[in-house]
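Q: Respectively, the protein sequence lines represent chains S and V.
End of the first sequence = 476 in this note's numbering, gap-free, step of one.
End of the second sequence = 250 in this note's numbering, gap-free, step of one.
Incorrect hints may have been included.
[Said to hold, decoys possible] These stretches of chain S come out as covered by chain V in the derived footprint (C-beta under 8 Å, 3 or more residues): (1) 427–438; (2) 444–453.
[Claimed, not checked] Using 20 Å as the maximum straight-line C-alpha spacing, the simulated SDA-like pairs for lysine to any residue come out as follows: (3) S/26 x S/85; (4) S/420 x V/149; (5) S/420 x V/50; (6) V/5 x V/95.
By construction, these hints were calculated from the structure, which means they are not laboratory data.
Glycine included, every Cβ here is placed at the ideal spot set by N, Cα and C.
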Amino acid sequence: MSEAPLTNREYKYGFYTDIETEEFPKGLSESIIRKISAIKEEPDFILDFRLKAFRHWITLEEPKWANVRYPKIDFQDLKYYSAPKKKPQLSSLEEVDPDILETFERLGIPLSEQKRLSGVAVDAVFDSVSIMTTHKADLAKFGIYFGSLSEGVKEYPDVVKKYLGSVVPYKDNFYAALNSAVFSDGSLVYIPKGVRCPMDLSTYFRINARETGQFERTLIIAEEGSYVSYLEGCTAPMRDENQLHAAVVELVALKDAEIKYSTVQNWYAGDKEGKGGVYNFVTKRGLCKGDNSKISWTQVETGSSVTWKYPSVILQGDHSIGEFYSVALTNFKMQADTGTKMIHLGKNTTSKIVSKGITCDESIGTYRGQVRIAASAENARNYTCCDSMLVGDTSIACTVPYIEVKNKSAVVEHEASTSKISSDQIFYFKSRGIGEEEAISLLLNGFCRDVFNTLPAEFAVEAVKLLELKLENSVG
Amino acid sequence: MFEIKNLHAGIASKEVIKGLNLTVNPGEVHAIMGPNGSGKSTFSKVVAGHSDYEVSEGEVLLDIHFKMKNILLLTPDERARNGIFLAFQYPTEVPGVNNLEFLRASFNATMREQGIQEMDASSFEAFVLKKIEFLGMKPDFLARQVNVDFSGGEKKRNEVLQMAVLSPRLCILDEIDSGLDVDSLKAVADGVNRLRSKENAFILITHYQRLLDYIVPDKVHIFNDGRIIKSGGKELAKEVETLGYDHLIH
């Protein structure tokens, strides 16, 4: 009566593309930074920003407070720039290395005119550079800029100068300083006043090169009364050694503007024994700068061997709204320390946090969140719900909420629960004719419903599939 | 329709079922009674296919498409889709999944197995509401999460509802009477009686005669030490009630 064990499905994006690249030698110094800046033909203010950040970074120590353990990273043993040699001209597909086009096709992101996704504009980033952006011209008609930050800085120098580092200053933390010094590429989104972006914007990050850190930087500006929905996806090849990813994302929503930022993170998470995988040390923060603005983060985290990430919102404008919806699944020996910060400064500001952690095998999942109500934040509201689901007997789930209230009119609610997928539950489903895969899918959907509901439809389907695949290996 | 031949089974290499034989025909209701630890619940889990239990010898045969097949070779979900239903003594709570979607997944899995068209969400809801009415239950059951915050009686009635939706051919009810007050017991028994037909059969596992006042069995079997030591009609249950198990065992 024993059942066949579930096949241990491999990480499907674990392939490597063998192409000619232009790489800088290992190590980090002012001269490397000057070289990065020169190759990108950047304006002086960017180089200036980089150098200040670097000079600050060398005075810092790596943070140790997160609930994660990993060997010390030798930052001089990494490369800080890697780009395919055949660099295309803007929007011209013929000049893109066919191997790269094929890579993105295999990842489900076709870039060619005929095949590309119609409802979504995609910026494809391969190691340190943006390969191309689809639908660029369509968006330009609305006055929207969506493309690589390196190109964008030439078209919109004033916008970049005004906002780069305004939400996440280079002095913010160790990895933000490192990113500010060496950031390679990433996306710039600019939505003009009163424009509702007609399609979802999506950036797809692919780490390919060996021993190279990926340090992209994304900046999204939503002017007064505008709206944009932005999606981010990521994968990396399977490798025995660890790869470092330290990104910075800054969002700025002006008066009456709304930014919806969704991430499905599927970096390679290492093997069963915890060998290899991506170290994901990311700083993501949004600023609700104007009154009635809204920023909402949704993340589905399934990959990275070590995750350190807290997409946050600063609620500066009166009546502004911040939201954070998260599903974080860890399996094998993954470690995730993730959560959010909601900083209430303006009056009548509202924030909502819904965090669902699923921990399997010998992994550790920690929710770490901060809700801060400043003295100026009259009538602020926060609702937090943190649910953990344990799969098996050897995983660990922790919840670390910090709540700081300096205004008596605030209402702050915190709910938390811990549940378990047990073999009894699975047997109950089976005894009603429901197979294991469907049982897991129903359980998972039920547990994560509040978060999945906030994702764009197609993305939600992908996210569910991804989680099911990961979970199947761990229940049984 | 259902036959157990010389079944030996146990848990963690300890034999609990020691040579069990039983034949059940369509339309019949069998009661299995016996003292604690006699192997009654183990029997139900083995038939349903719980992976904690191992079968060392014997066969469990079920008529599938007019052929007697050994269901020990099937997975638990395959057994269920072919008409075996175990009503649990302690139905499991499933947070996050509501009753309606659970029932629909279960029903459609069974339909798929039998090559019948699945039902869409709205037709299924209408179908379930009829069953609910038939059993005299409240429609708000459907929106609730499976067994979460259900009272003992509600959990058992929920099992009966699942039975009504799936129309299994063989239902094993493992101590469906445990933990129920008289009113709940009557309601559950009434539901089971409504589901009885010429095509299906029931095996009731119980300690007490009381249940059998409400669901009258055709046959009663006394279980001891992993096998049936005595079989008879419904009067056998009365004998147990008056004289106790010891009298029959020794």
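Q: For each hint, tell me whether it holds in the structure or not.
A: Quick rundown of the hints versus the structure:
Counting residues of the stretch 427–438 of chain S whose CB falls under 8 Å from any CB of chain V gives 11; the rule of at least 3 is met. Coverage of the stretch 444–453 of chain S by chain V holds. Counting CB-CB distances below 8 Å, 4 residues qualify, and the rule asks for three or more. In summary, the hint linking residue 26 of chain S to residue 85 of chain S is supported, as the alpha carbons are separated by about 18 Å, within the 20 Å threshold. Between residue 420 of chain S and residue 149 of chain V, the direct Cα distance comes to roughly 16 Å. Compliance with the 20 Å bound is thereby established for this hinted pair.
A distance of roughly 19 Å separates the Cα atoms of residue 420 of chain S and residue 50 of chain V; the hinted pair therefore holds under the 20 Å criterion. About 39 Å separates the Cα atoms of residue 5 of chain V and residue 95 of chain V, which puts this hinted pair outside 20 Å; it is violated.
Of the hints listed earlier, the one the structure fails to meet is number 6.
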